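Enquirer: From just these sequences and the hints, can you work out the full model?
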Amino acid sequence: MNKSGIGKIIYTEEQIQKKIAELAQVINRDYKGEKLIIIGVLKGSFYFVADLTRHLTMPVNIDFISIGSTPEDLNITGAIRFTRNVALNLTGQHVLLVEDVIGTGLTLGFICQHLETFEPASLKICTLLDNPAGRILTLPIDYSCFTMPDLFLVGYGLDYNEEYRNLRYIAEYRE
Amino acid sequence: MLITISRQTGSQGKEITELLAQKLNLPIITRDLVMSRWMPEIANQHELHMLTQSAGFFLSDSSQGITFADFLENKLKELVYQQSVIIFGLGAQIIFDDYTGALHVKIMASQEIRINRIMQTHCLEKKDAERFLDLTDRKHRRYISTIYGKDWSDPSLYHITLNTDNLSIDEAVSVLYYMAQNRQSLPSSQVDTLEKPTEKSVVFKHPSEEEFAAILDMHNIEWQYEPRTFPIEWDTEGNITQAFAPDFYLPRFDTYIELTTMDQRYVSQKKKKVQKLKKLYPGTNINIVFKKDFYSLAKRFGLGEDNNRK
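In order, the protein sequences belong to chains Z and H.
Position one of the first sequence corresponds to residue 1 (my numbering), numbered consecutively onward.
Position one of the second sequence corresponds to residue 1 (my numbering), numbered consecutively onward.
Derived from the structure by calculation, the hints contain no laboratory data.
One thing to keep in mind: the hints can contain errors.
Facing chain H, from chain Z, some residues (calculated, C-beta under 10 angstroms) [unchecked claim]:
id : residue
1  : 107
2  : 112
3  : 141
4  : 143
All figures in this text were calculated on a predicted structure; none of them were measured in a lab.
Here a beta-carbon is modelled for each residue, glycine too, at the ideal position from N, C-alpha and C.
Expert: Structure below.
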C-alpha cells in the first residue's frame, strides 16, 4: 500500500479501541434488555461497526446500506439513491444507524428519512467522527467517538480514492 | 414519476401499460414480478401458493413477523422512493394515494365490449367469457376490499378513467403519455400548487440559492424558501428597524439555513444577525452555509461554480 500521503496520526489504534469500548458501554446501558438493529453506512463504517458490535451485550442484528449517484443523475430530484438497501425488517425495532463521519448531515438526513418510513420503535445515530461545525441539518447525534478536526483524514474505514481504509489508526492525509 | 394503473380484464389495460412503459422508458411492477422475485424473500412454497389463491392470506404474518401485505407495501415504497416506475395493480392507487406527483389511472370498458374481446383473445364461448370476467372482476374487487377496505370501482381513487370502448390503445397511451410528461415537467412546488392554491412557485434571488435548493432536492429533503422574517431590532417606539429572513427552512429537520457566498465583510454582518436571532428566538435552529462549504457541495454535486457573489 502506498503510504506516501499519510501525515500525522490523529487517533491511534489504542485511542480508537478505547473510545469504542467506552461508547459500547453507554449503548449497552441505554438498550439493556432490548434487541438492537445496527445499520452501518457503507463503506466507511464497516470497521467501526465490526469493532463496536463485538462489545455489545444485547441481542444484535446487523445490516448495511449504501447510497450513491451517477454523474448523469445529478441535479435531478431524488438523484441520491440507495445502491444497497436495508434487508432486515425494521418495523417496531430499535435501530442504531452507524456512520463513519457526519458532516453536513445531508446524507444522514436522506437515510433517516428513508429508515423512518419503516416505522422503527426508535432510531438513534452513532458516528465515529462528528463535524458539528459543518452541519447544515439539525440532527441529534446520540453517540459520537471523536470530533472531526479540520483535516482530511484516512484510515480505519476512511479512504482517499479507495485507499488507506485498512489502516488501524486515523491519520491526516496530505496530497 | 409514479404511475399506477388499475384495469378491468378485457379493457386492454395491459397492452396500454406496456406501450406506455415503452414510450416513457419506465419499468412495470406487476403481480408476476412481485410473486416471482419479492415474495420468495419471506414466503415458502406453501405460502407462495396461498398468496396466489387467497387475498386474505396477504394479511397473515410471515416468518419475519410482518404481514405479506405490509412487506409488499414496504417494497413498493422503497422502490418508488428510489426510481420512477409504473405499478400495475397491487392496490398501488391506495398505497400511494397521497404521493405528490403520482398519476392514478383506471382503464375500463363496457361489459359487452370486454366479453367480445375475451371471446376473441381466449377463444371462448360467450357464456364462458362472461363467467371468466365475472370471476376476475370479483378477484380484483376482493383483493382491494380485503386488504385496504376500499371499493376498487370508487372513482375518487383515480385521477383519470379511460373507457376503451371507442378508444384505441395508441390513443389511450397518447393521453397518458401527455399527462405523465406534463406532471414530470412540473417541479414539486408547482405540483403542490395545483393542490394548494395558496402556495406560489419560487423565484430565487440568487443562482446559488437555486443550486442549494437543487442539492436539497437531490436528497429528497423538503424545503421552503424564505418562509419567515424574524424582526431582530426595534426602535424605542417598538417599530421594527431590522429584520432577518433566512434563505431556507427545512420543516422535517426544523432548521433554517442561511447561505453566505458573498464577500467576507458581509459574512460577519450575517453572523451577527444570526447570533441576534438565536438570542431573541431561543430554540430556533439556524445554520450558516459558508462560501467554502457551499462551493464544496456544489462541486460534489456537479453544479455551477460561477456564482461567486451574493
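Enquirer: Should the hint that residue 143 of chain Z touches chain H count as held when the rule is a Cβ pair under 10 angstroms?
Expert: violated, 19 angstroms
Enquirer: Quick check on residue 107 of chain Z please, does its C-beta sit within 10 angstroms of some C-beta on chain H?
Expert: holds, 7 angstroms
Enquirer: Take the shortest C-beta to C-beta distance between residue 141 of chain Z and chain H; is it under 10 angstroms?
Expert: Where the cut-off is 10 angstroms and the nearest Cβ of chain H is about 13 angstroms from residue 141 of chain Z, the hint is violated.
Enquirer: Can residue 112 of chain Z be said to touch chain H, with a Cβ gap under 10 angstroms?
Expert: holds, 9 angstroms
Checked against the numbered hints given earlier, the structure breaks hints 3, 4 and satisfies all the rest.
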